[in-house]
Amino acid sequence: MASESLILFFITAVVLVGSALIFSNLVPPKSANPAKFEPYECGIETYGETWLQYTVGYYIFAILFLIFDVEAVFLFPWATIVRETGMTAFIEILIFFTILGLGLLYAWKKHALKWE
Amino acid sequence: MAFDIYDFTSLTSSIHEGLATFLPPVGVLVAEWLLVGISVLLFVAVFGLILVYLERKVCALFQQRLGPMRVGKWGLLQTVADFIKLLMKELITPNKADKFLYNLAPFIVIIVTFMAIAAIPFAKGLQAIDFDIGVLYVSAVASLGVIGILLAGWSSNNKYSLIGAMRSGAQIISYELSVGLSLITMIILAGSMQISEIIQAQSTGWFIFTGHIPAIIAFIVFLIAGTAETNRGPFDLAEAESELTAGFHTEYSGIKFAFFFLAEYVNLFIVSAMATVLFLGGWMPFHVGSFEGFNAVMDFVPPIFWFFGKVMFVIFVIMWFKWTFPRLRIDQILTLEWKYLLPINLLNILLMTLIVLMGWHF
Amino acid sequence: MNNELMFFMLSAVILVFSVLTVTTRKILRAAVYLLFVLVATAGLYFQLNYNFLAAVQLTVYAGGIVVLIIFSILLTSHISERAPIASAARAALAALVTVAGAILTLITVMQFTFRPAGIPPISPNVKNVGRALVSYGTDGYALPFEAISILLLAAMIGAIVVARKESNNQSTK
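From first to last, the protein sequence lines are chains A, B and C.
Position one of the first sequence corresponds to residue 1 (the working numbering), numbered consecutively onward.
Position one of the second sequence corresponds to residue 117 (the working numbering), numbered consecutively onward.
Position one of the third sequence corresponds to residue 479 (the working numbering), numbered consecutively onward.
Keep in mind that the hints were calculated from the coordinates and are not lab data.
Accuracy of the hints is not assured; some may be wrong.
Below are the SDA-like pairs computed for lysine to any residue, each with C-alpha atoms no more than 20 Å apart in a straight line [said to hold, decoys possible]:
| # | chain 1 | residue 1 | chain 2 | residue 2 |
| --- | --- | --- | --- | --- |
| 1 | B | Lys212 | A | Tyr40 |
| 2 | A | Lys114 | C | Leu631 |
| 3 | B | Lys215 | A | Val14 |
| 4 | B | Lys189 | B | Glu171 |
| 5 | B | Lys212 | A | Tyr47 |
| 6 | A | Lys114 | B | Pro459 |
| 7 | B | Lys455 | B | Ile471 |
| 8 | C | Lys605 | A | Glu92 |
| 9 | A | Lys36 | B | Leu207 |
Taking CB as the label site, the calculated pair distances span [as the list claims (entries may be wrong)]:
| # | chain 1 | residue 1 | chain 2 | residue 2 | range |
| --- | --- | --- | --- | --- | --- |
| 10 | C | Pro562 | B | Asp447 | 18 to 28 Å |
| 11 | A | Val15 | C | Asn606 | 53 to 63 Å |
| 12 | C | Arg642 | A | Glu45 | 48 to 58 Å |
| 13 | A | Leu105 | B | Asn211 | 45 to 55 Å |
| 14 | C | Arg642 | B | Pro459 | 16 to 26 Å |
| 15 | B | Ala412 | C | Gly596 | 51 to 61 Å |
| 16 | C | Val575 | A | Gly48 | 50 to 60 Å |
| 17 | A | Gly48 | B | Thr209 | 32 to 42 Å |
| 18 | C | Pro562 | B | Trp436 | 52 to 62 Å |
| 19 | C | Arg642 | B | Ile420 | 19 to 29 Å |
| 20 | B | Val146 | C | Leu498 | 29 to 39 Å |
| 21 | C | Ser550 | B | Leu473 | 34 to 44 Å |
As the structure is a computational prediction, the values presented were derived from the model and not from experiment.
Glycine included, each C-beta is placed from N, C-alpha and C at the ideal position.
Given these sequences and hints, build the entire structure.
This is the structure we're talking about:
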């Protein structure tokens with residue numbers, strides 16, 4: 001069964017990281033210095049809050065990614081049977097791409113693909 | 117097939133039968149799990165060390181230096197020494213960090229790379245899982261790595277880390293589309309997603325030759341997008357040393373830092389292995405038409421050498437990128453993906469479909 | 479390892495992390511627990527040999543939606559604050575509604591007699607999925623396939639309209 005091999009690889013990775021972390025927590029020498037646990041920024045104490053509201057630009061690209069990701073997921077099974085289906089597959093994908101292309105064109109014209 | 121002596125299926129099945137003679141079924145399962153687990157661990161550790169050494173030597177080559185030379189012959193043991201040093205360093209958790217997520221992030225990046233390795237075909241019969249969705253599986257699992265990076269950057273509670281992680285996240289998800297669409301282009305030509313079938317379909321010629329124009333376009337797009345996926349230069353603005361200290365892993369020390377480093381190089385291997393499988397024929401030897409003598413000589417080289425030879429070639433090309441091109445800005449990176457690679461990819465899929473349906477491929 | 483054991487392990491992961499998702503007071507941790515739930519669900523699909531659906535679950539939900547959720551959490555202000563503890567009355571009410579819903583669902587499931595389907599099962603091989611996707615016969619999905627592109631177009635335009643307006647407001651501030 002495939003899923004059992006997946007579990008095997010999962011366990012191997014967890015064992016690798018876990019054992020290395022345990023080793024590194026026990027063996028290496030430790031020294032206590034309060035300054036060591038400050039954020040590593042520029043030497044002086046960190047100023048202000050780090051977890052602040054972030055720019056909306058990243059969010060737009062995340063949404064566009066999700067839409068094209070869903071599209072790609074539908075293309076994968078389609079791609080495996082192009083050879084046996086013939087022209088029907090081509091016409092269907094032409095319609096599919098034309099409609100999606102309109103969306104990409106709209107995003108382009110609205111400057112949604114521009115970083116600011 | 118001429119290279120049946122190199123078929124690993126017989127080896128694995130003989131190991132299985134050998135174990136079954138003196139062990140109960142559960143014991144066989146446990147023994148096989150241990151065997152596979154240990155060999156995968158060894159492979160990742162050794163290959164990771166070799167890749168880091170190679171990176172430094174290739175970098176030195178392009179900058180007319182010698183690179184590491186002191187530890188061992190030609191500096192061969194340099195990365196081993198570095199690894200021991202990192203292992204012996206104290207682990208520091210910043211006091212303002214979200215400790216649970218901070219410790220979870222290295223687990224996520226390493227688990228993702230191991231799960232992806234499960235579907236990589238090293239040679240005929242030497243592949244842990246041969247799914248009917250092989251290619252999609254690798255890209256699906258690899259797409260989870262970005263979450264580890266986002267969590268690492270956010271949980272550190274460091275401004276550099278957060279900025280690096282956000283840039284890295286936007287970049288990785290954008291280029292994931294190009295990777296996926298160039299995979300689809302080649303699946304159209306192969307007519308299957310199963311990795312063993314894709315390689316078998318290339319026994320008469322590698323896809324980059326049989327698919328000619330659209331395959332070459334897809335190969336170039338895949339290399340660019342794959343470089344961006346692994347956060348390597350010229351797309352390494354997530355950890356741009358000159359402005360962000362070290363990006364999302366600034367706050368990580370010792371072995372935790374080493375895991376992010378290792379994951380980056382194992383991801384480089386996975387991207388190169390996928391390029392090898394889809395474009396360069398996987399472990400298939402190089403054949404020229406009906407040139408029988410030449411083909412027989414090529415068959416004599418074991419498939420595992422073919423596979424690693426091609427992977428090393430792709431890795432070298434990607435390292436070449438890193439040490440040649442200057443770093444891109446975030447707006448340039450997003451423009452390249454959304455205004456150039458994505459439309460080119462969509463048109464390329466149509467072109468490939470036409471060529472396959474018209475029979476214009478070889 | 480047998481199938482049932484795997485099923486119970488994955489179900490336990492799904493249940494525990496589902497509860498943690500809604501009870502944690504840190505918003506980003508909720509997103510991470512949700513990620514575990516989605517990945518364990520993908521594990522269930524692998525267990526059923528429906529590999530394609532499992533890969534879709536990983537790409538779209540775990541790799542897409544969770545990333546989108548993380549980005550949108552970072553878009554909100556007050557990320558670092560913990561959610562306030564709900565008052566006892568509210569907690570009791572929520573528990574009551576949850577238990578009632580669970581009982582209702584259980585009664586419905588228990589009373590329903592599951593019959594095996596009359597038609598022979600189709601192998602969930604990805605090629606069969608593809609064949610169904612392009613065929614336009616009685617059991618073909620060609621029309622839904624095309625309709626999806628219109629849905630995606632609408633989603634894209636909607637997202638751009640909403641998100642761009644927000645960014646214009648920000649720039650005028």
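Status of the hints after comparison with the structure:
Restraint check for Lys212 of chain B and Tyr40 of chain A: satisfied, since their Cα atoms lie roughly 11 Å apart, inside the 20 Å limit. Using a Cα cut-off of 20 Å, the hinted pair Lys114 of chain A and Leu631 of chain C holds, with the two alpha carbons roughly 19 Å apart. Restraint check for Lys215 of chain B and Val14 of chain A: the C-alpha separation of about 18 Å stays at or below 20 Å, so the hint holds. A hinted pair counts as satisfied when its Cα atoms are at most 20 Å apart, and Lys189 of chain B with Glu171 of chain B qualifies at roughly 17 Å.
Between Lys212 of chain B and Tyr47 of chain A the CA atoms are separated by roughly 13 Å; this keeps the pair inside 20 Å, and the hint holds. Proximity of Lys114 of chain A to Pro459 of chain B is assessed by CA-CA distance (about 15 Å); at most 20 Å being required, the pair is judged to hold. Restraint check for Lys455 of chain B and Ile471 of chain B: the C-alpha separation of about 25 Å exceeds 20 Å, so the hint is violated. A distance of roughly 17 Å separates the Cα atoms of Lys605 of chain C and Glu92 of chain A; the hinted pair therefore holds under the 20 Å criterion.
A distance of roughly 11 Å separates the Cα atoms of Lys36 of chain A and Leu207 of chain B; the hinted pair therefore holds under the 20 Å criterion. Judged by the Cβ atoms, the range 18 to 28 Å given for Pro562 of chain C and Asp447 of chain B is violated: they are separated by roughly 40 Å. Val15 of chain A and Asn606 of chain C have their C-beta atoms about 37 Å apart, which leaves the hinted 53 to 63 Å range violated. The supplied range of 48 to 58 Å is broken by Arg642 of chain C and Glu45 of chain A, whose beta-carbon atoms lie about 38 Å from each other.
Taking 45 to 55 Å as the suggested C-beta distance range, the pair Leu105 of chain A and Asn211 of chain B conforms, at roughly 50 Å. For the pair Arg642 of chain C and Pro459 of chain B, the beta carbons lie near 21 Å from each other, so the given range of 16 to 26 Å is met. The hinted range of 51 to 61 Å is satisfied by Ala412 of chain B and Gly596 of chain C, whose Cβ atoms lie roughly 56 Å apart. The hinted range of 50 to 60 Å is not satisfied by Val575 of chain C and Gly48 of chain A, whose Cβ atoms lie roughly 41 Å apart.
Between Gly48 of chain A and Thr209 of chain B the beta carbons are some 22 Å apart, a value that contradicts the proposed interval 32 to 42 Å. Roughly 55 Å separates the CB atoms of Pro562 of chain C and Trp436 of chain B, a value that falls within the hinted 52 to 62 Å. The hinted window of 19 to 29 Å between Arg642 of chain C and Ile420 of chain B is violated, with their beta carbons roughly 53 Å apart. Taking the beta carbon of each, Val146 of chain B and Leu498 of chain C are about 32 Å apart, inside 29 to 39 Å as hinted.
Distance hint check for Ser550 of chain C and Leu473 of chain B: the Cβ-Cβ separation is about 42 Å, which falls inside the suggested range of 34 to 44 Å.
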